[in-house]
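Enquirer: As a plain string of letters, each chain reads:
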Amino acid sequence: MKELLLGNAAVARGAYEAGVRVVSSYPGTPSTEITENMVRYADVDVEWAPNEKVAAEVAIGASLANARAMSCMKHVGLNVMADPVFTASYLAPPGGLVFCVADDPGMHSSQNEQDSRHYARASKILMLEPSDAAECKAFTKEAFSLSETFHTPVFVRLSTRVSHSQALVSLEEPEVRQPAPYVKDATRVAVPVNSRKMHIAVEKRLEDLRAFAEDCALNRVERHGSRIGVITSGISYMYAREALGDAVDYLKLGMVYPLPSRLIQDFAKGLDKVYVIEELDPYLEEHCRTLGIPVIGKEAFSLIGEYNADMIAQAVLGKPLAKEKTEPMEALPVRPPVMCAGCPHRGVFYVLHKMGLHVAGDIGCYTLGANAPLNSMDFNVCMGASIGTAFGMVKAQGRAFGQKVVSVIGDSTFIHSGITGLIDIVYNRGNNTVLILDNSTTGMTGHQDNPTTGKTIRGVPTKQVDLELLCRAIGVDRISIVDPFQVKELEKTLREELQADEPSVIIVQRPCALLKGVRYEGRYQVTDDCRRCGQCMKLGCPAITRKDGIVSISPIQCIGCGLCANVCPFGAIVKEGSR
Amino acid sequence: MTGNIMIVGVGGQGTLLTSRILGTLLLSQGLDVKLSEVHGMSQRGGSVITYVRYGEKVYSPIIEAGQADYVLAFEQLEAARAVGYLRKDGCLLVNTQKLEPMPVITGAMAYPEGLLASMQKRCRTLCVDALSLAEQAGSAKCVNVVMLGVLARQMKFSVDAWTQAIRTTVPEKFLAMNEKAFALGLQYSAE
Chain A
1 MKELLLGNAA VARGAYEAGV RVVSSYPGTP STEITENMVR YADVDVEWAP
51 NEKVAAEVAI GASLANARAM SCMKHVGLNV MADPVFTASY LAPPGGLVFC
101 VADDPGMHSS QNEQDSRHYA RASKILMLEP SDAAECKAFT KEAFSLSETF
151 HTPVFVRLST RVSHSQALVS LEEPEVRQPA PYVKDATRVA VPVNSRKMHI
201 AVEKRLEDLR AFAEDCALNR VERHGSRIGV ITSGISYMYA REALGDAVDY
251 LKLGMVYPLP SRLIQDFAKG LDKVYVIEEL DPYLEEHCRT LGIPVIGKEA
301 FSLIGEYNAD MIAQAVLGKP LAKEKTEPME ALPVRPPVMC AGCPHRGVFY
351 VLHKMGLHVA GDIGCYTLGA NAPLNSMDFN VCMGASIGTA FGMVKAQGRA
401 FGQKVVSVIG DSTFIHSGIT GLIDIVYNRG NNTVLILDNS TTGMTGHQDN
451 PTTGKTIRGV PTKQVDLELL CRAIGVDRIS IVDPFQVKEL EKTLREELQA
501 DEPSVIIVQR PCALLKGVRY EGRYQVTDDC RRCGQCMKLG CPAITRKDGI
551 VSISPIQCIG CGLCANVCPF GAIVKEGSR
Chain B
1 MTGNIMIVGV GGQGTLLTSR ILGTLLLSQG LDVKLSEVHG MSQRGGSVIT
51 YVRYGEKVYS PIIEAGQADY VLAFEQLEAA RAVGYLRKDG CLLVNTQKLE
101 PMPVITGAMA YPEGLLASMQ KRCRTLCVDA LSLAEQAGSA KCVNVVMLGV
151 LARQMKFSVD AWTQAIRTTV PEKFLAMNEK AFALGLQYSA E
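First to last, the protein sequences are chains A and B.
Per this note's numbering, residue 1 is the first one in the first sequence, and the count goes up by one each step.
Per this note's numbering, residue 1 is the first one in the second sequence, and the count goes up by one each step.
This is chain B alone, in the form it adopts within the complex:
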């Protein structure tokens, strides 16, 4: 069986670093791993998706509709966009932060109301105010690692393995802050 984790957010929210920490973790468990990333134009404040797939042998680097075990979402609207990628009993972990896309800023479209409730109706959904926790850890930029902590609680890997993966991936300068962000995410209990 292939495990599938999808990370979605807005360009600049650190989906790349998150998928790389996950990749390092999964590699340390002796698994085959494939990650798919987004670079270039789409990174500039647009919707960004990275895929993490692992198992005995992984072929495609892409997660498709109905395949994801987890969707880790750094923003509400991006979470909503990714819901259909979850398998029936998959789990959505969503940072409740809202970032308005340009069509909303220009007034061409409205930011949808009641997204969280609609998502909760469709699938198992954990809502997290990751922004507050990230600020508590030292920077709004750590939202991604807070959410990784929330994911860690759902998965079977040891905290040691997660910590090790963070240590080998995150630059020294930001390590303490990210370790704190991870710990806050890990402690977070929405249920």
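For reference, chain A alone in the conformation it holds in the complex:
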């Protein structure tokens, strides 16, 4: 049977068919739907972990206890889980162990554009790279089997266009697997005396894998009798096929670490020109160059952003993909993402902007607070970094700076890795103010549950982390809970907490407007009392527009949250039918 599946759903299907028993992940675009799709399979123990490091550890533990296990993350999530992953490479646990990492060339939804293939080499872990959903399923299945055959964890590397494209996938029956009983093996205690031996085994394993790579079906030569060759992998293969068709020969690499040197040399032999087509870093290209093959790579293709078929046609064939096209329209206003109508974060950033505070930002929907007209974020780094960075700023600028800067972090991100930053502030006698934006979900990635929501990934009720008690337990004495739509109260609280010469936490609580069960009654409208002061326009609400000075609220876009009525100084915004 064939089904149209998202690349991510196909990875999930592949893991299921391979008999995966444990899947633990933290959400991150473009990888999130892999783990979400695991929920379809009742026999799999699937969970959202508090962060990627914990997720990897759970998967490693399951593998140590003989089960097939997987952990899925976005590229920057791999940075968080890198510590356990590097040593898992040495431990080589017995159950098939797969780490599925999704890169984001073009940064559709990310803070950087890192190329995760470098991790495979650095951690000495086998890496596969599928090109579409059909391969996502097949390669994930293969990954589990290779993991057990070669005693290695296996990376499956995706990119946004592979993760988020649907293609036809053949479905097969799942393997039924029972983990063998666990037996202690103390040679897996990673202390120097053992790790030295393990490292020898890792290098031997790589030799075996290099030999395997030369002949395995994952790497494929497609000859069309051309004098031009293309070495490529992943989504770039699809773009190249689209652009160049049968006009060139292809070496499509499904296994990108370790690389098959002999196969590459044989492929290049006799060709006049060999192009290496790969998004981001010259990873394959550099390998070809170490083999002495004079390939054309980044001199013809960019290091930055996504590729497409047109760019490849131009570079290789010297002509565009489409002969004739409709004349495009120029100079159109851009449409960047915005906080939704009714977003609880809007009130927070309205106040922060009004108070002119410096804001150390974090990763989530609230990063949109950086955009006009809210303009209230100084910078952001990575998950959880809003707290440590703000502490560092106060150290640099002096204690009084603690009254001018706040950290802004979501509930899920705080649990992910913000809590340790806050412990640092308490422990080292800081005076920072931290705003935890508690919207009862993990918003940006599409509403996943997390340890603060009281529900597991399968919707089963569970213990709920009490943010207030948690902060109190680590030694924060000043904790307030405020509704972000009560902007006056929020401003007053902020003023008090910034003044205090000790750590403060303000938990700003209101659920995401897109959550099921969040309903506001009625719609708001502007009355004749409007003095055109423009205060409501400072909210950056997509429902509020102004034409020739006259403000109006779109009845289609307004969800009735009433924040605009709270900020209007003249009481000129009222609920429909209230007058």
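Here chain A is said to cover these stretches of chain B; the calculated rule only asks that three of the stretch's residues, wherever they fall, bring their Cβ under 8 Å from a Cβ of chain A:
hint, segment
1, 8-15
2, 25-35
3, 53-61
4, 83-89
5, 94-107
6, 116-130
In short, the hints are calculated from the structure, not lab data.
We put the CB at the ideal spot given by N, CA and C, even for glycine.
Please arrange chain B on chain A, whose structure you already have, making use of the hints.
Expert: Relative to chain A, chain B alone:
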């Protein structure tokens, strides 16, 4: 030959559901299909593009400049942005609704005047007040399926096949409303 349909709109307008209905339809015709979607940050009220490609064998999931047979646009400005993706004799189907992007709301830029006329000058353009039809069907949220009905009239697939695809894709609770929206779109004749 690969068929190329591009669906553009503003995050939240239901481009995903639309491409999935199309995918289901094309699959039912025994064709190879690839869809490319947008998830994550770009979905939050930003420009959203999904690509639908079909034929005997599809490689790239992306539609590029000059390739699209149809652009199905749920908003004027997004339609304008996508015009250059149409092949020379491609067809633009545009919901005449306007949604102001944040740079227009803040006053940094103006919503361009005369977009529909400029588009009509460039390519075959069908302008549809899909919002009114969607409201007639029961909800402004059905704009996407109204537009799908308008597209269906342009394409060669049977109404039965379209209806079947909608039935297998749309959740039961919203089915009646969406079937009505599709029918209204299908009946719509701009020419």
